[in-house]
Amino acid sequence: MSLFRKMALIIAAISVVILSGCSGQEYNMREGVTEISREVYSLHMIAIWVCVAIGIITFGAMFYSMVAHRKSKHPNPAKFSHSTTVEIIWTVIPFIILIALSIPAVSLLIKMEDASDSELSVMVKGYQWKWEYKYIDGDDNLGNDVSFFSNLDQASRDQASNSGKWFSGTEITDDNYLLEVDNPLVIPVDTKVRFLVTAEDVIHSFWVPDFSVKKDAIPGFINEVWTKVDEPGVYRGVCAELCGKDHGFMPIVVKVLPKEEYNAWYAEKVAEAEAGPDLNERTMSQLMAEGEVAYNKYCSSCHMPNGEGNGPFPSLVGTEMVTGEGSIGEHIDVVLNGVPGTAMQAFGNQLTEAEIAAIITYERNAWDNDTGDKVQPQEIHDIKNGGGE
Amino acid sequence: MADHKPKGISRWLFTTNHKDIGTMYLVFSFIMFLIGGAMAMVIRAELFQPGLQFVEPNFFNQMTTLHGLIMVFGAVMPATVGLANWLIPMMIGAPDMALPRMNNWSFWILPAAFGLLLSSLFMEGGAPNFGWTFYAPLSTTYGPPSTDFFIFGVHLMGISSIMGAINVIVTVFNMRAPGMTLMKMPLFVWTWLITAFLLVMVMPVLAGAVTMMLTDRHFGTSFFDAAGGGDPVLFQHVFWFFGHPEVYIMILPAFGIASAIIPTFARKKLFGYSSMVYATASIAFLSFIVWAHHMFTVGMPVKGELFFMIATMLIAVPTGVKVFNWIATMWQGSITYETPMLYALAFVILFTIGGFSGVMLALTPVDWQYHDTYFVVAHFHYVLFPGAIFGTMAAVYYWLPKWTGRMYDEKLAKWHFWLSIVFVNLTFFPMHFSGLAGMQRRVPDYAIMFSDFNMMSSIGAFGLGLMQLLFAWILIKVCILEKGEKATDQVWEGAEGLEFTHLPSPAPYHTFDTPPKVD
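Each protein sequence line maps, in turn, to chains F and Z. Read in full-length UniProt numbering, the first sequence has 363 at position 363, and its numbers run on one by one without any break. Read in full-length UniProt numbering, the second sequence has 295 at position 295, and its numbers run on one by one without any break.
Fair warning: there could be bad hints in the mix.
[To be verified] Footprint (simulated), chain Z over chain F, 3 or more residues, beta carbon under 8 Å: (1) 27 to 37; (2) 83 to 97; (3) 109 to 116; (4) 174 to 188; (5) 198 to 204; (6) 227 to 240.
Hints listed in this document are in silico derivations from the structure and should not be mistaken for laboratory results. All C-beta atoms, glycine included, are put in the ideal place defined by N, C-alpha and C.
Chain F on its own, in the form it takes in the complex (with noise of 0.2 Å):
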C-alpha cells in the first residue's frame, strides 16, 4: 500500500508543477496581439482542459483498478469480457465531445482564411538563409514599390560563432539572441495586412506567433495570409520549416507602428529608393574593410569566414575563378547571377552596388589571394544595367 501512496503522492506532484507552469510565457503559447491569435489561444486552451478532463476520468480509472484489483486485494478475477451497451457509450460520448471541439474551429479556420479587403499587401519570399519584403497594393499609399531583405543581425551571428566549446564558452545572455534582424518587416496598426507569401530557392516557413500566422513560402506559388494587429510594438517569429543549413538562423521581425509613424517610415524608404545607389569611387582600403563587413554578413555561412569553403560550397582561396588570370568577369557574374541549382544565389538583386564591389574585391585579396584587383560600385552598376566592362 504505502508504495502505491508514494507514487500516488510524486504523481501529484510532477502535475501540480506542470500545471502551474502553464501559465507563464515560457510555457505555453501566447495569446498574441490580434483577434485571431486571441481566439486561436482560447481554442488550444480549450482543447488543452477538455484533454486534462478526458485524461483525469480516464487515468482516475485505470489508476483505480490498478491498485483496488491487484491481486494481493482482488485475488478473483471476474468473468465478463463483454458489454455493447458500455462500448456503445464510449463510442458515443467521445464522437459528441469531438463534434464540440470541432464547432468553434470550424469557423475560426474559415475566418483565418478570408484575406479579403485587405489594405496592404506585402509580398513575402524565403532565400536561403533571410527574407525579402516587397511592399505592394497599397491603398492611400501605404506602400508600392519598396523592397528590402532582412538578415540575422550581425549580434547575434557572433555570438553563435563565439560560442565555442562546451561549458568553456562565453554564456550567451542576449534576450533576443537569433531573434533579432538587421532590417525588420514594417507595418501599420489597425490595418489588414495580406502577406502574400513565396519562396526563391526551397520550403520555408513564414510564423509570427503573435499574429497566429504561419505560411509555408513554396518556391513558383504564391500562398496567401493575413493579420491585423491591434497594438503598436515588435513581434518576433521564425521560419518554420527545415531549409538548410541555416533554418535556425533566419528570424522574422515585425515592426508594427502607429499610422503616421509608419508613414513617415515609408516615405524616408520611398526617398532612399528614388535616391539611388552610392555610387561613389572608393580606395583599396575603403573596399576591403567595407568587403570584410559584407563578406562576413552575406557568404562567410556558406565559404566560411576564412574563405576555405565547407562540403559542396567551394574553397575561394587560391581557387582559379578567385585569382586566376582574367577571372574577374566570371567571378561579378557567379556574384550577381548566381549558380542555377546549387546554392549559390543571385545576389545582384539583393545587395547594392557597393557591397557588391567591395566583397569581389575583398575575396580577390583577402586571405593571401593578393591580386591586387580592385572593383568599383560603379563597374557593377553599369553590368547590371547592361552595360559591358
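Given the coordinates of chain F, work out where chain Z should sit on it, guided by the hints.
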C-alpha cells in the same frame, strides 16, 4: 523427430526458419536502435545549451535526418517484423511462415539498405541533411550527392517491407491451424495482418516518391520543380499518403502486444475482442484519408483543410475505444505487475497522452501555431517511444522466456522500466512547453528563453540512452550468458494462446509439425 538445428554461420545466412529470422530482425533492430540513439545523443548534446558548441549546423541536420530514418525504418519496423516472424506461426499453429525463402531475403536486404544509408556519412558532401521527410526541393535540387544512396536505400527498405508484409498476409490466410478462425486469432496477429495490408498499400507509394526524386535529380523531369511545371507540394501529398499510414504501421503491432499482455497479468479475458478488431480496421482505414493534416500550412483550399481536420479528429474515436477496452480488461481483474505488464501499462498511459496532443494538433486553426514546433516533436515521440518502442520492450520481456527458456533478471528489468519511465518523460514532456512557447523544430540552436526546457530534455535523453545499455545487458545475460531461472511452459500464470498452452519453453526449433486443434 529430433529437433534438428543447422550449425555455424550458414545457419544464419541461409536460414528459412521463422525463429532464426525473427531473432536476426530483432538483433538488427536493436543495433539500429543504438545507432539511431547515438545520433539522438549528438542532437541533445548540441541542444544542451544555446549557442553552437558541438557540431556545425549541416552535420546537425544530417544527424536529425539519419536519426529519423534509422529509428523508423531500421529500429521500429524491423522490431515489429521480428516479433511477427517469431510469434505469428506459433500463435496460429503454423510450422513456419508461408514463404520461408522470401523471408530470408526480406531480412538480408535490410543490412544492405542501411549499409548504403550509413555509408553516406563518409561521403563528400555528407549524409542526407533534409529531414526524414526529405521535402522537395531541398532534397532534390539542393540535396548532397549522397541523396542517391539514400534513394536506393529507401527502395531496398521498401522491397524488404513489402516482402515481409506479403509473407504475413499469406501466412495468416493459409497456415492457420484447424479451428483457428479469423475471429479467434490473437489480436497481435490481427493487428499485424492489418499492418501488412497497410504496408503493401503504401510502401509502393514511397518507392514512387523516391523514384520521382531520382528522375528529377538526374533525368531532367520536374515532378517537384515549379520552374518545369511541377509542384513541390505534390511531393508532400505523395510522401504523406505513405507517411501517415506509416505511423500506424509502427503503432498497430504495439496495440496487439498490449492486447496480449494486459489480459495475462489482469488474469481476465480481453474486453471487447471484436470491437478491438473493428477499431483497428477503422484506424487503418482512416489513416488513408488524413494525410494532409501534416500539411495544414502549405496553402490548401479551406474546404480541403476542413475535411482533413474532421477526418483526423475521427481517429480519436476508435483509438479511444481501444484504450477504454484495455482499462475494462483490467477492471475487476487480479493484477500483478511483472515487467511486461509495467511496460504495457506505461504504453497505454503515455500513448494516450500522445493521443491528446494528437487531437490538439488535428484542430487546424491551432495547428498553425503548433506546426513544425517542438510540440509536434513531443507528440510523435510520445506515440513512438513510449508507444511503439515500449510496446516492443513489453513484448520482448513477455515472450523472451518462451524464446529462450529462461527468465530474465526481474530486478534489473524493473530498474530498466522505472528509470526509463522517468527519463522518457523528462526528455519529451518539456518539449510540449518549448514548442508552445515558440521553438521551431530541426534547429541546432535556439533563443535563450528555451534554455531550461532544452537542458531538461537533454539530461533526460542521456539517461534514457544509458538505460538502453542496461536493457542490452539484461538481454545478453539471458541470451548469450544463458543465465536465469528456467521458465515454465506457460511462463506467466495467466498466459493464454497457443504459444503458451501448446509449446514448451524454449519453443523447439521446428514447431507444429502436426497442426494443433483449436476449439
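Open item on the list: For the stretch 227 to 240 of chain F, count the residues whose Cβ lies under 8 Å from any Cβ of chain Z; is that count three or more?
Closed with: holds (count 4)
Task: chain Z covers the stretch 109 to 116 of chain F, three or more CB atoms within 8 Å, holds or violated - done: holds (count 4)
Open item on the list: Using a Cβ cutoff of 8 Å, are there at least 3 residues of the stretch 174 to 188 of chain F near chain Z, or does the coverage claim fail?
Closed with: Held - the stretch 174 to 188 of chain F has 6 residues with a Cβ nearer than 8 Å to chain Z, which meets the minimum of three.
Open item on the list: Count the residues of the stretch 27 to 37 of chain F whose Cβ falls closer than 8 Å to any Cβ of chain Z, and tell me whether that reaches three.
Closed with: Held - the stretch 27 to 37 of chain F has 4 residues with a Cβ nearer than 8 Å to chain Z, which meets the minimum of three.
TODO: Would you check chain Z against the stretch 198 to 204 of chain F, counting CB to CB pairs closer than 8 Å, and say if three or more residues qualify?
DONE: holds (count 3)
Task: Stated coverage of the stretch 83 to 97 of chain F by chain Z [criterion: 3+ residues, CB within 8 Å] - done: holds (count 7)
Hint compliance for this structure: no hint is broken.
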